[in-house]
Amino acid sequence: MSELTRLTAAELAARVADGSVSAVETAQAHLDRIDAVDEKVHAFLHVDREGALAQARAVDERRAAGEKLGPLAGVPLALKDIFTTEGVPTTVGSKILEGWLPPYDATVTRRLKDAGIVILGKTNMDEFAMGSSTENSAYGPTGNPWDLTRIPGGSGGGSAASLASYQAPLAIGTDTGGSIRQPAAVTGTVGVKPTYGGVSRYGMVAFSSSLDQGGPCARTVLDAALLHEVIAGHDPLDSTSVDAPVPAVVEAARSGSVAGLRVGVVREFRGDGFQAGVLQRFDESVELLRGLGAEIVELSCPSFDKALAAYYLIAPSECSSNLARFDAMRYGLRVGDDGSRSAEEVTSLTRQAGFGPEVKRRIMLGTYALSSGYYDAYYGSAQKVRTLVARDFEAAFGQVDVIVSPTTPTTAFPIGERVDDPMAMYLADLCTIPVNLAGNSAMSLPCGLAPEDGLPVGLQIIAPAMADDRLYRVGAAVEAAYQARWGHPILEEAPAL
Amino acid sequence: MPGITREEVAHLARLARLELTDEELEHFAGQLDDIIGAVARVADVAAEDVPPTSHPLPLTNVMRADRVRPSLTAEQALAAAPAQEQQRFKVPQILGEE
Numbered sequence: 048m049s050e051l052t053r054l055t056a057a058e059l060a061a062r063v064a065d066g067s068v069s070a071v072e073t074a075q076a077h078l079d080r081i082d083a084v085d086e087k088v089h090a091f092l093h094v095d096r097e098g099a100l101a102q103a104r105a106v107d108e109r110r111a112a113g114e115k116l117g118p119l120a121g122v123p124l125a126l127k128d129i130f131t132t133e134g135v136p137t138t139v140g141s142k143i144l145e146g147w148l149p150p151y152d153a154t155v156t157r158r159l160k161d162a163g164i165v166i167l168g169k170t171n172m173d174e175f176a177m178g179s180s181t182e183n184s185a186y187g188p189t190g191n192p193w194d195l196t197r198i199p200g201g202s203g204g205g206s207a208a209s210l211a212s213y214q215a216p217l218a219i220g221t222d223t224g225g226s227i228r229q230p231a232a233v234t235g236t237v238g239v240k241p242t243y244g245g246v247s248r249y250g251m252v253a254f255s256s257s258l259d260q261g262g263p264c265a266r267t268v269l270d271a272a273l274l275h276e277v278i279a280g281h282d283p284l285d286s287t288s289v290d291a292p293v294p295a296v297v298e299a300a301r302s303g304s305v306a307g308l309r310v311g312v313v314r315e316f317r318g319d320g321f322q323a324g325v326l327q328r329f330d331e332s333v334e335l336l337r338g339l340g341a342e343i344v345e346l347s348c349p350s351f352d353k354a355l356a357a358y359y360l361i362a363p364s365e366c367s368s369n370l371a372r373f374d375a376m377r378y379g380l381r382v383g384d385d386g387s388r389s390a391e392e393v394t395s396l397t398r399q400a401g402f403g404p405e406v407k408r409r410i411m412l413g414t415y416a417l418s419s420g421y422y423d424a425y426y427g428s429a430q431k432v433r434t435l436v437a438r439d440f441e442a443a444f445g446q447v448d449v450i451v452s453p454t455t456p457t458t459a460f461p462i463g464e465r466v467d468d469p470m471a472m473y474l475a476d477l478c479t480i481p482v483n484l485a486g487n488s489a490m491s492l493p494c495g496l497a498p499e500d501g502l503p504v505g506l507q508i509i510a511p512a513m514a515d516d517r518l519y520r521v522g523a524a525v526e527a528a529y530q531a532r533w534g535h536p537i538l539e540e541a542p543a544l
Numbered sequence: 693m694p695g696i697t698r699e700e701v702a703h704l705a706r707l708a709r710l711e712l713t714d715e716e717l718e719h720f721a722g723q724l725d726d727i728i729g730a731v732a733r734v735a736d737v738a739a740e741d742v743p744p745t746s747h748p749l750p751l752t753n754v755m756r757a758d759r760v761r762p763s764l765t766a767e768q769a770l771a772a773a774p775a776q777e778q779q780r781f782k783v784p785q786i787l788g789e790e
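Line by line, the protein sequences give chains B and C.
48 is the number of the first residue of the first sequence in my numbering; add one for each residue after it.
693 is the number of the first residue of the second sequence in my numbering; add one for each residue after it.
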């Protein structure tokens with residue numbers, strides 16, 4: 048493996064900037080790594096070799112012309128296949144969009160390109176981002192680089208696995224209920240769900256519009272911050288994009304500290320479903336924070352107990368509405384159009400053929416929750432729970448600066464174990480979902496390996512809306528303290544592929 | 693809360709434009725019943741005097757100047773169409789035969 052693939056994004060950008068390595072060499076090293084290992088990992092659905100090398104060449108030419116490059120210019124990135132890429136396939140992990148070539152770039156895609164970031168390809172995901180294991184991809188599962196027989200989390204399992212297997216130093220994910228943070232946790236990487244509205248959703252295929260949020264994935268807290276700064280900020284093309292300055296995330300990541308900080312531990316984020324080794328590593332993290340000078344405050348957020356239930360009504364309801372656009376008329380799959388069938392019959396046959404089981408389940412669940420007679424009891428009540436969850440956070444952030452929890456109740460489970468047991472699968476998002484309901488920001492970063500299975504455990508840090516910089520300040524301090532203790536980044540303990 | 697029947701799943705599938713197989717109807721009925729049983733606990737707050745939240749942000753209409761801007765050409769917009777004719781999306785019959 049080329050040494051270039053082991054470097055952080057910050058290190059790579061510095062080398063490209065000072066001319067000690069070219070962007071083309073950097074891209075080629077990562078493409079070679081993809082060729083060597085992705086047959087086993089299956090992190091990518093599409094590798095854009097020519098496009099990546101062309102983007103890299105452009106960075107090298109700009110540098111040669113004496114242009115000032117951005118802080119991540121020439122660094123390769125793996126893009127979740129939910130963001131449109133002009134002329135490059137975008138499937139959202141679904142057969143219904145197989146072969147689709149979008150006619151435009153998502154705002155995130157555009158900003159990456161403008162920053163000179165080299166897009167290597169599109170990563171595997173649960174179909175339409177519905178899932179916690181990437182097993183719901185229509186194109187086959189992704190393996191967890193720590194143990195290829197286990198899930199890499201989901202829905203952004205491809206993005207997280209590409210980082211953990213050194214196929215890319217940066218990746219982009221989307222987080223509707225935990226799809227950035229949970230994959231980060233189970234692969235020993237870093238993932239951030241920014242404040243809702245912090246990153247444009249334009250060109251990001253919609254699942255649940257009031258919850259969906261794109262965000263950065265990386266192997267270090269600083270790299271995530273550098274990427275966060277590139278993709279965040281107001282976008283007139285997304286009417287829910289927040290028109291306010293981006294929190295100073297890079298500065299925060301460079302000055303990690305928790306001295307004097309009040310850190311909340313929520314009582315509701317533990318219990319029967321939590322693996323002993325996960326709780327053990329979490330408790331150690333709390334002690335580590337205390338040792339670094341943080342004040343630990345125990346809190347109760349009673350409505351969090353109903354957050355998962357509310358989420359599995361709200362997200363399917365919005366998805367049943369959003370996915371109505373896949374009607375076989377303007378783009379995507381069309382089946383059964385033999386001249387004798389009506390448009391409605393063709394739509395039904397196409398959706399039947401193009402959607403996988405989890406997408407169908409959620410569309411029907413949403414249709415049920417929104418149907419007359421059930422609307423008030425289900426969707427209406429779920430919206431009330433959402434208010435209560437936001438109030439719990441508001442009260443908590445009156446007492447503390449950040450909240451910490453395990454990111455997910457267990458380490459990576461075996462592929463196949465929960466795929467036909469929706470309720471068991473949904474539990475993976477227990478600790479991440481309240482954040483999406485309230486719209487605030489959160490990060491997952493590694494806090495060790497569970498003693499019983501040797502697999503990564505994630506620590507979740509939660510901050511109020513538009514206080515994303517706190518995630519990076521705390522995350523950088525925790526990361527530095529753990530690396531000092533371990534003597535190396537946690538990924539060095541992963542088995543060679 | 694009532695349990696969800698196979699007939700109800702068939703009705704939902706029709707509303708959602710999904711041509712499910714008999715096998716799927718059977719399988720999904722059991723699973724949806726489990727899920728709905730588990731999420732029904734939200735109804736504990738149904739009677740509480742709490743305003744609903746539909747979105748994390750206070751949403752306001754975003755207006756822009758009504759000016760012509762660059763956009764997709766007809767060719768680009770139609771490039772992924774399953775069928776097209778005379779610069780339009782060609783779709784199966786929508787209304788009954790005259």
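Hints may be right or wrong, so weigh each one.
[What the hints assert, rightly or not] No farther apart than 30 Å at their CA atoms in a straight line, the calculated lysine-lysine pairs in the BS3-like style are these: (1) B:K160 <-> B:K142; (2) C:K782 <-> B:K142; (3) B:K160 <-> B:K87; (4) C:K782 <-> B:K115; (5) B:K142 <-> B:K87; (6) B:K87 <-> B:K407.
[What the hints assert, rightly or not] Residues from chain C that keep clear of chain B, each with C-beta distances beyond 10 Å, as calculated: (7) G695; (8) E699; (9) R709; (10) E740; (11) R756; (12) D758; (13) V760; (14) E777; (15) Q778; (16) Q779.
Since the hints were derived computationally from the structure, they do not count as laboratory data.
Predicted model, so just to flag it, every value in this text is computed and none were measured.
Each residue gets a CB set at the ideal place from its N, CA and C atoms; glycine is no exception.
Hints, verified against the model:
1. B:K160 <-> B:K142: Cα-Cα ~27 Å, so holds.
2. C:K782 <-> B:K142: holds, 21 Å
3. B:K160 <-> B:K87: Distance of about 29 Å is within 30 Å: holds.
4. C:K782 <-> B:K115: violated, 49 Å
5. B:K142 <-> B:K87: holds, 22 Å
6. B:K87 <-> B:K407: holds, 29 Å
7. G695: Holds, because the least Cβ-Cβ distance between G695 of chain C and chain B comes to about 12 Å, which exceeds 10 Å.
8. E699: holds, 13 Å
9. R709: violated, 5 Å
10. E740: violated, 6 Å
11. R756: Answer for R756 of chain C: violated, closest chain B Cβ roughly 7 Å.
12. D758: The assertion about D758 of chain C holds, with a minimum of 14 Å to chain B.
13. V760: Given that every Cβ of chain B is farther than 10 Å from that of V760 of chain C, nearest at about 16 Å, it holds.
14. E777: Label holds. Min Cβ-Cβ 13 Å, cutoff 10 Å.
15. Q778: Holds, because the least Cβ-Cβ distance between Q778 of chain C and chain B comes to about 15 Å, which exceeds 10 Å.
16. Q779: holds, 13 Å
Checked against the numbered hints given earlier, the structure breaks hints 4, 9, 10 and 11 and satisfies all the rest.
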